[in-house]
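If you want the building blocks of each chain, they are given just below.
2 protein chains.
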Amino acid sequence: MIGTRPAGQHTVRQHNAALVLGAIADGPGTSRAGLAAATGLTKATVSSVVDRLIAADLVAEGEPERRVGPGRRGTVVSLSPTGPHGLGIEIGVDYLAYCLVDLTGTVRAEEVRYADNRTPRVFQRVSAFLHKARKRADSLGVPVGGVGIAVPGLVESGLVRLAPNLGWRDVDLADRLGETFTVANEANFAALAELWHGSALPDFVHVSGEIGIGAGIVLDRALFEGVRGAGGEIGHLPVAPDGPPCSCGANGCLERMAGQEEILRQAGAGTVDDLISALESQDDAAIGAVTAAAGHLGVGLSTVVNLMDVPAVVLGGIYARLEPWLREPLLAELERRVPSTAWSPVRVIRSALGTGAAVRGAAGSVIRGILADPEHHLTTHWPSDQDARGR
Amino acid sequence: MIGTRPAGQHTVRQHNAALVLGAIADGPGTSRAGLAAATGLTKATVSSVVDRLIAADLVAEGEPERRVGPGRRGTVVSLSPTGPHGLGIEIGVDYLAYCLVDLTGTVRAEEVRYADNRTPRVFQRVSAFLHKARKRADSLGVPVGGVGIAVPGLVESGLVRLAPNLGWRDVDLADRLGETFTVANEANFAALAELWHGSALPDFVHVSGEIGIGAGIVLDRALFEGVRGAGGEIGHLPVAPDGPPCSCGANGCLERMAGQEEILRQAGAGTVDDLISALESQDDAAIGAVTAAAGHLGVGLSTVVNLMDVPAVVLGGIYARLEPWLREPLLAELERRVPSTAWSPVRVIRSALGTGAAVRGAAGSVIRGILADPEHHLTTHWPSDQDARGR
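Residue numbers (full-length UniProt numbering), protein chains in the order written: chain A, 1 to 391; chain B, 1 to 391.
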């Protein structure tokens with residue numbers, strides 16, 4: 001979209017705005033002079049950009065700068081706590097979640113509501129939930145700068161091509177809900193949240209264990225979505241081809257063998273909380289169920305590591321809570337099946353965000369979008385302010 | 001290695017030499033004036049670089065330029081047919097191959113010798129074969145600019161960490177053979193050859209079917225070797241976990257189920273030539289063996305496509321010859337197991353180079369190295385020519 005605009009003054013303004021806002025995000029509490037030094041722009045240009053960012057409430061002016069040495073103290077500027085917020089919505093198979101984050105990525109509000117979403121009423125329900133989240137933002141007195149929606153399915157150009165666990169095919173959420181969103185696969189949003197707020201590793205595969213199983217692959221600090229955007233699909237890796245039938249028509253797929261429903265079934269547990277209690281009291285059935293899942297997960301993930309030689313596996317979703325019991329049998333299976341572990345070990349790490357990662361990533365992606373192209377936000381939200389735009 | 005040199009005049013010379021040689025390679029038969037226009041360098045700089053490239057026989061001067069319009073006709077320059085050649089050696093499980101290519105990538109000599117290399121005598125044999133290849137270059141009157149060696153194993157920084165089908169672990173070929181080489185995985189060299197001389201696709205996975213099975217992944221016209229260089233390992237994907245035991249200790253690995261030895265065994269054929277004859281006479285056992293292999297290959301490759309959403313599979317090695325019989329059952333299995341094929345079809349393509357791809361890639365990588373950094377070649381081969389270097 002940005003690429004289709006004519007180059008020239010607008011492009012320069014766009015670039016400068018992103019540069020200055022990025023420097024403010026990197027070093028909160030910096031003066032205009034400090035920003036000029038950090039960006040290489042003139043103080044006049046920095047001041048002009050900062051004034052426009054302040055007018056749009058992307059940036060707030062704070063106390064006088066604290067530093068030693070001669071010269072006048074400038075006032076410092078930071079990302080505005082009352083500026084546009086990112087709203088993330090996750091449509092899980094058995095829950096809805098929202099998360100509201102400010103420009104620094106700090107969570108200001110969140111909620112999870114459990115309900116089986118395998119029903120045609122899901123769109124009404126999402127619409128009501130979205131309304132509720134917006135009301136929460138209103139009550140906090142903060143504007144919503146955009147909405148990201150995480151779905152457990154394959155998304156192509158905003159269209160949910162396939163979400164088997166919801167029974168969706170070619171669902172256009174913008175059309176269904178009457179507004180536009182950033183829609184993406186929940187595993188990809190979760191991997192981004194892990195990248196932004198988690199272990200700070202540059203290369204990893206984040207496995208989201210839920211009713212379905214998805215993977216988000218991060219290479220060199222960027223999401224790898226596959227050549228055409230539908231990468232990271234590991235839920236239907238055939239880990240036990242002669243195993244029980246999967247909803248997809250094949251047999252013994254990874255999510256059939258190691259997904260939440262199979263683990264709970266084998267453990268005889270009703271909920272994940274029940275399962276954790278049983279594991280903590282060393283219940284044989286519960287430990288057996290999680291150990292079996294770890295073995296299947298190891299078969300599936302050995303494939304990912306053998307193909308991409310990725311040095312770390314981050315356990316997300318319910319797997320984050322099950323990590324103490326999953327870790328050892330999973331590592332053993334990986335070491336057995338990945339020859340390169342003999343000289344290049346693979347780490348298994350617990351996601352700090354767990355089941356909250358996808359919705360956090362959905363909210364954060366809105367903020368990252370604004371920080372990467374503030375000019376677009378300014379011109380969208382302040383379109384009549386011709387004088388300020390002309391500067 | 002190049003990165004550790006001090007920046008400055010040498011870096012500029014290095015850059016200019018690569019720029020001019022690249023323009024000559026792209027448009028063979030160009031005058032110095034044409035090169036100046038193509039590179040943006042001054043005619044004086046181009047002339048100086050061209051003189052040095054001619055002195056090192058990387059470039060040869062040809063006939064006067066053919067063009068219409070006013071002005072003096074320049075003589076055209078092209079990559080020198082007598083310049084440094086790339087020598088590729090492939091150490092297969094049951095053969096050795098060499099391939100000698102000139103600077104344009106044209107094959108000048110090649111040979112394949114069948115022999116079981118699963119013996120400690122393999123190093124002597126490779127040494128003798130290398131000597132023979134060098135004598136062939138001598139008899140053609142061309143110098144060898146470097147040697148690339150393709151091995152069926154995992155290579156890390158030139159060290160063959162593991163080549164299970166040869167029984168190698170931590171083998172240093174430079175140490176064993178007393179000279180330095182570019183050593184890499186055969187599947188990666190094969191994928192590069194396919195990229196340079198094959199279907200011209202920007203994104204594909206090249207599957208080398210031999211006794212072992214390897215994959216070379218090309219993304220955006222570059223080899224993707226995984227985060228740490230050991231990617232593309234598909235030989236031991238578990239396609240039939242309850243299947244017969246594989247040499248690696250696991251059961252039903254892809255190469256155990258769909259490798260050359262299993263196909264020949266099931267078909268009751270002694271050699272690949274016998275197998276092809278049987279297929280051509282519609283022998284049931286032969287067709288059954290190849291169809292079964294296609295199914296297993298489909299299970300393994302569905303994983304690659306689901307993970308990386310790569311739009312094309314190139315059948316290499318013996319699979320190139322078997323393509324007429326593999327193609328349909330392989331596509332059917334991919335379509336069954338890759339949900340995104342419903343809107344993003346996957347192509348199955350026959351490699352034009354077949355079993356010759358890896359050795360061709362090994363030879364070509366030497367040439368690509370010289371073209372990418374001719375200055376390194378010049379200073380290595382003309383180290384005492386201080387005057388020419390100073391220009």
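For the record, the hints were derived by calculation from the structure and aren't laboratory data.
Glycine included, C-beta positions come from ideal geometry on N, C-alpha and C.
There may be inaccurate statements among the hints.
Unchecked claim - Stretch-level coverage of chain A by chain B, calculated; a stretch enters the list once three of its residues show a Cβ under 8 Å from a Cβ in chain B: (1) 156-165; (2) 230-237; (3) 304-316.
Are three or more residues of the stretch 156-165 of chain A within 8 Å, CB to CB, of chain B?
-> Answer holds; 4 residues pass the 8 Å Cβ test.
With a C-beta cutoff of 8 Å, work out whether three or more residues of the stretch 230-237 of chain A approach chain B closely enough for the coverage to hold.
-> Our answer is that it holds, as 7 residues pass the Cβ test (under 8 Å) against chain B, meeting three.
Has the stretch 304-316 of chain A got at least three residues whose CB is nearer than 8 Å to a CB belonging to chain B?
-> With 7 residues close enough to chain B, the hint holds.
Checked against the numbered hints given earlier, this structure breaks none of them.
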